[in-house]
Amino acid sequence: MIEMQQVKKTYPNGVTALNGIDINIDPGEFVYLVGQSGAGKSTFIKLIFREEMASSGQIRVNNKDLLEMKWRDVPLLRREIGVVYQDFKLLPKMTVYENVAFALEVVEESPRQIRKRVMEVLDQVGLKNKARFIPDELSGGEQQRVAIARAMANYPKLLIADEPTGNLDPDTSWEIMKILEEINGTGTTIIMATHSKEIVNTIKRRVIAIEGGLIVRDQHRGEYGYEV
Amino acid sequence: MIEMQQVKKTYPNGVTALNGIDINIDPGEFVYLVGQSGAGKSTFIKLIFREEMASSGQIRVNNKDLLEMKWRDVPLLRREIGVVYQDFKLLPKMTVYENVAFALEVVEESPRQIRKRVMEVLDQVGLKNKARFIPDELSGGEQQRVAIARAMANYPKLLIADEPTGNLDPDTSWEIMKILEEINGTGTTIIMATHSKEIVNTIKRRVIAIEGGLIVRDQHRGEYGYEV
Amino acid sequence: MAMKFRTLKRHFKEGLKNSWRNSWMTLASVAAVTTTLILVAVFLALVLNLNYIASGLEEDVQIKVLVDQTANEEEIEELGEALDGLDNVESVVFSSRDEELQDLMTSMGEQGEAWGLFEQDNPLNDAFVVTAEEPQDTVAIADVIIEDFDYVDRVNYGQDVVQNLFTFNNYARIVGAVLIVALVFTAIFLISNTIKITIIARRKEIEIMKLVGATNWFIRWPFFVEGLLLGILGSILPIAVLFTGYYYIDQNMGAVNQFDFIQLLPFTPFVWQLAGLILLIGAVIGVWGSVMSVRKFLKV
Amino acid sequence: MAMKFRTLKRHFKEGLKNSWRNSWMTLASVAAVTTTLILVAVFLALVLNLNYIASGLEEDVQIKVLVDQTANEEEIEELGEALDGLDNVESVVFSSRDEELQDLMTSMGEQGEAWGLFEQDNPLNDAFVVTAEEPQDTVAIADVIIEDFDYVDRVNYGQDVVQNLFTFNNYARIVGAVLIVALVFTAIFLISNTIKITIIARRKEIEIMKLVGATNWFIRWPFFVEGLLLGILGSILPIAVLFTGYYYIDQNMGAVNQFDFIQLLPFTPFVWQLAGLILLIGAVIGVWGSVMSVRKFLKV
Ligand SMILES: Nc1ncnc2c1ncn2[C@@H]1O[C@H](COP(=O)(O)OP(=O)(O)OP(=O)(O)O)[C@@H](O)[C@H]1O
Ligand SMILES: Nc1ncnc2c1ncn2[C@@H]1O[C@H](COP(=O)(O)OP(=O)(O)OP(=O)(O)O)[C@@H](O)[C@H]1O
Ligand SMILES: [Mg+2]
Ligand SMILES: [Mg+2]
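Chains as they are written, first to last, in our numbering: chain E, 1 to 228; chain Y, 1 to 228; chain V, 1 to 300; chain U, 1 to 300.
Extracted from the complex, chain E is given alone in its bound form (with noise of 0.2 Å):
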């Protein structure tokens, strides 16, 4: 699904935020991505769906080069990936409804099956009866849950989270998590950022720490941690 070889990232301001990074990752598997705060976990999710261009090295997803891909091909690139932002990127004058349903409208779907599947998502992430709210009138957990919403309402093949749970109770949390294992199950891969220790060492999957730009741990069924 992902392949990287020596990735780095340097952004105009001179900061190097990834330094060689060599990875793999297979179409239904579920990673973790732990590190320290500006460690480089956004900026490597940021790479994956091109929001950002590597610097140098190579990127492929799903079997796409990343680098020699044209402008016009990005768009249909992103709309096989769901993406949780860190800071959620949800259209300030549009309705919850409608920031879910523009996922479903660049695809072109069908009125009738857009408001079917959006009505379905807001109901899984338990937003239902705010779905004619604006963001701006939504708790910050509220928002966070908004943009998982919208992220896997496409079906996508890979679906990206940069800390979905870092504004939500430990109840909510655990509901998004069931969730994703779910969406997983029907062979999803899923790659998510988080800080969250108790999620990490109580639902075991791949963990990938990063630590100054680098991978400093690969760790099937591993714990959460990022020291060397």
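Be aware that one or more of the hints could be misleading.
Under the rule of at most 30 Å between Cα atoms (straight-line distance), these lysine-lysine pairs were calculated in the DSS-like manner [stated by the list, open to error]:
id : chain 1 : residue 1 : chain 2 : residue 2
1  : U       : 64        : Y       : 93
2  : Y       : 116       : U       : 296
3  : Y       : 128       : U       : 13
4  : V       : 64        : E       : 93
5  : Y       : 93        : U       : 299
6  : V       : 17        : E       : 64
7  : U       : 204       : V       : 13
8  : U       : 17        : Y       : 116
9  : Y       : 70        : U       : 64
10 : E       : 128       : V       : 299
11 : U       : 9         : Y       : 128
12 : E       : 116       : E       : 128
13 : E       : 128       : Y       : 8
14 : E       : 178       : E       : 116
15 : Y       : 178       : E       : 128
16 : V       : 64        : E       : 157
17 : U       : 4         : V       : 204
18 : U       : 204       : Y       : 70
19 : Y       : 8         : Y       : 70
20 : V       : 64        : V       : 296
21 : V       : 13        : V       : 299
22 : Y       : 64        : U       : 299
23 : U       : 64        : U       : 204
24 : Y       : 128       : U       : 296
25 : E       : 204       : Y       : 197
26 : U       : 204       : E       : 93
Hints are computed from structural coordinates only; laboratory data are not their basis.
Note that this is a predicted model, so its numbers are computed, not measured.
Got chain E; can you put chains Y, V and U with the ligands on it based on the hints?
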């Protein structure tokens, strides 16, 4: 420090977020605010520095009646309170340094004093070397720490933090908690909304649990939990 | 770019919704478009009418060919026919010396009557009044007449005044045309600049749309619709002002009787054409400004 | 509002920094201010000069008082003194009947010479040429002369033409004044509207500042500075265009010799005054637009 009597808050869209809150928080206390996503924690916090106005009831902060207060006097109230917002609320065009300095400029601190204090708090949250970056160039956790630095820069009498460790790894979280405890040691009242069972159960303080707009538990040296 | 019909429908709905969602910005943009187009409308109506009035003045210019007093009737007739045969001449009218004196006396008013005493000893010439097809050709025709024709005593067309009139009108026309072009470009710039600012304010939204997998065209279409709506909404008031204002002035111009000599462009079709132009400018610039401004934020 | 000097300094620095931080918006706003003010400058220069030219034409208007042919020299002299004593009269010049005939012949050109034969039998009257202090009073003075004076045969001031000229000029002045006022208001509106849009785009920032404890004045001051900068930057190009353009036209007007009769307003002080006005409009509207637009986001 804070007295609330029968405080209700209904948002313009008809959602009642708080439904009769009675509470007393004394100067120098350290209070955890816990509750499910959407319970009303952030709303409770917003009432204290009058980002939102209560719909009915009585609120006194620092012996000031917030509902009788003139618009003119609101900035004076806010200067006595440091706030870490759940969504950070950093000024996007200003550098990290300028964001923190702003909180000192509004009280017309001397430029030399400002320079000294800003670098001091940035050092405390571990971002001294990112002073010249703008928020967009920071990771989620780094942005959160800038927000923390800004909140404490002005030696506020009351420091309110809305999930200040939501985007931080455990190690950094503990460091932040250490800082908060130190500040609390100097007499500053601290109110902190959090979802971290680990923190609440390790550093035992007063725990106020909100559920459905009501205080369902108020316990000194309490455990994490919000069931009735 | 092949697109399902329901997607097109979606884009139109979305464009209208967006105008509504950003109602503050929409209002401000429409206000800017409105004021700018009112400016264009008023100015165009003014300059085009001035041009029309100037043309009217030029129409009145005639060449008076004074016939040599030695010419006999046959020769005068020949001269008349020859003048008639000239290129670019619209009409040739004969005016006898007696008629000329009468005209002169009339034109001099009361003072002229004093000259009535001298009717028996009329010192004036017979004359042909020649009107050019194109007023602009007057001077050239007059020159030809002087050079090539016999029995012509003098040619009179108010040389100084007419030359001045034409030169002045030509300069005025150039200035008017330059001002119109400049104003229209200014309007285009102001409108698209305003739209650009509103879209800079929405760059984050555009970026999010791209991140969710929208193609450039998917994002552009609602902006296209928004721009169109903006342009059309912004044209309504200018067109209304144009219609009522022009109607009012057209009506009252007749009442102010000193201005018989000023003839405005007829309401129909002039006002309709101008209204069409205003709407066109509004709509085209609205669409163009929107789509162009979006472009630079699509590279995400 | 008592403020430490270092805080004022801080606000100026912050205002300049903000313009730089929002460079896109600043650029777009300055562009809008620039175009609008160029429009105002060009239009003001045009209308004020047209008014000046029209006033020039009016200056030439004179009243010719034709003296009764029965009046003797003493009576003529009395009449002259009486005319001189009239209110609002600038000058009274005597012109004998012989001079009058000479003038008439000259003004008629070649054709006039034919009338030279009748010099011995001059049918014209002696005349006084009266010039009013204010051209506008001409008609009133003429009426007084007709009614109250003896030995006046007729009074001649090109009644129809002059009446038309004054009426036309008055209407033109009203139209010009209305257009200027409308244009200036349009400019004010467009500029403040543009600024408003840029500030709507920054409402979140203003809200954050309020939440951090900034007073309304603390937030307003940098916007004041930004608005001032915007207005001044936006005035530079219009003023440059005004100076070079006016200089160029002023120079070349003399060269186009057909236009001797057109006299432009003198470069100094006219252009300087206009430039000052432009700068004033830019700065005042810049500041006013900024501070006003911020206002509605301060209630947090
Ligand atoms: N747009 C950017 N421009 C410049 N530097 C950036 C940018 N985004 C991130 N960085 C820097 O790159 C490094 C890695 O950032 P990244 O967001 O990947 O961290 P992270 O692991 O997601 O941290 P967190 O857990 O705090 O979200 C950080 O030092 C950060 O300051
Ligand atoms: N500006 C607003 N307008 C309308 N409703 C709002 C607004 N802000 C919050 N709400 C609603 O009020 C309720 C309480 O929200 P609040 O932000 O206080 O929750 P919270 O306890 O902070 O949740 P979280 O842990 O998810 O941040 C929620 O149901 C939310 O949808
Ligand atoms: Mg991150
Ligand atoms: Mg909250």
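Checked hints:
1. Proposed proximity of residue 64/U and residue 93/Y is contradicted: the alpha carbons are some 76 Å apart, above 30 Å.
2. Simply put, residue 116/Y and residue 296/U have alpha-carbon atoms about 35 Å apart, too far for the 30 Å limit, and the pair is violated.
3. This hinted pair checks out: residue 128/Y and residue 13/U have alpha carbons roughly 24 Å apart, not beyond 30 Å.
4. Under the criterion of a C-alpha separation no larger than 30 Å, the hint pairing residue 64/V with residue 93/E is inconsistent with the structure, at around 76 Å.
5. With a C-alpha separation of about 22 Å, the suggested pairing of residue 93/Y with residue 299/U holds against the 30 Å cut-off.
6. With a CA separation close to 36 Å, the supplied pair residue 17/V and residue 64/E exceeds the 30 Å bound.
7. Taken as a hint, the residue 204/U and residue 13/V pair is honoured in the structure, with Cα atoms around 28 Å apart against an allowance of 30 Å.
8. Taken as a hint, the residue 17/U and residue 116/Y pair is honoured in the structure, with Cα atoms around 22 Å apart against an allowance of 30 Å.
9. Taking the CA atoms of residue 70/Y and residue 64/U, the gap is about 77 Å. The hint is violated against a cut of 30 Å.
10. This hinted pair does not check out: residue 128/E and residue 299/V have alpha carbons roughly 34 Å apart, beyond 30 Å.
11. A C-alpha spacing of about 26 Å is found between residue 9/U and residue 128/Y, which places the hinted pair at or below 30 Å, so the restraint holds.
12. Between residue 116/E and residue 128/E the alpha-carbon distance is near 12 Å, which keeps this suggested pair within the 30 Å criterion.
13. A distance of roughly 25 Å separates the Cα atoms of residue 128/E and residue 8/Y; the hinted pair therefore holds under the 30 Å criterion.
14. For the hint pairing residue 178/E with residue 116/E, the CA-to-CA distance comes to about 22 Å; that is within 30 Å, so the pair holds.
15. Pair hint residue 178/Y plus residue 128/E does not hold up; C-alpha atoms about 40 Å apart against a cutoff of 30 Å.
16. Between residue 64/V and residue 157/E the alpha-carbon distance is near 92 Å, which puts this suggested pair outside the 30 Å criterion.
17. Between residue 4/U and residue 204/V the alpha-carbon distance is near 38 Å, which puts this suggested pair outside the 30 Å criterion.
18. Of the supplied pair hints, the one linking residue 204/U and residue 70/Y holds, its CA atoms being roughly 22 Å apart against a limit of 30 Å.
19. For the suggested pair residue 8/Y and residue 70/Y, the alpha carbons sit about 20 Å apart, so the restraint of at most 30 Å is met.
20. In summary, the hint linking residue 64/V to residue 296/V is not supported, as the alpha carbons are separated by about 66 Å, beyond the 30 Å threshold.
21. Only pairs whose Cα atoms come within 30 Å are accepted, and residue 13/V paired with residue 299/V is accepted, the gap being roughly 25 Å.
22. Between the alpha carbons of residue 64/Y and residue 299/U the distance comes to roughly 19 Å, so the proposed pair stays at or under 30 Å and holds.
23. For the hint linking residue 64/U to residue 204/U, the alpha-carbon distance of about 74 Å lies beyond 30 Å, and the restraint is violated.
24. For the proposed pair residue 128/Y and residue 296/U, the alpha carbon gap of about 36 Å is over 30 Å, so the pair is violated.
25. Note on residue 204/E and residue 197/Y: the hinted pairing holds, with a Cα-Cα distance of about 20 Å set against a maximum of 30 Å.
26. Under the criterion of a C-alpha separation no larger than 30 Å, the hint pairing residue 204/U with residue 93/E is consistent with the structure, at around 14 Å.
The structure fails hints 1, 2, 4, 6, 9, 10, 15, 16, 17, 20, 23, 24 (numbered hints given earlier, in ascending order).
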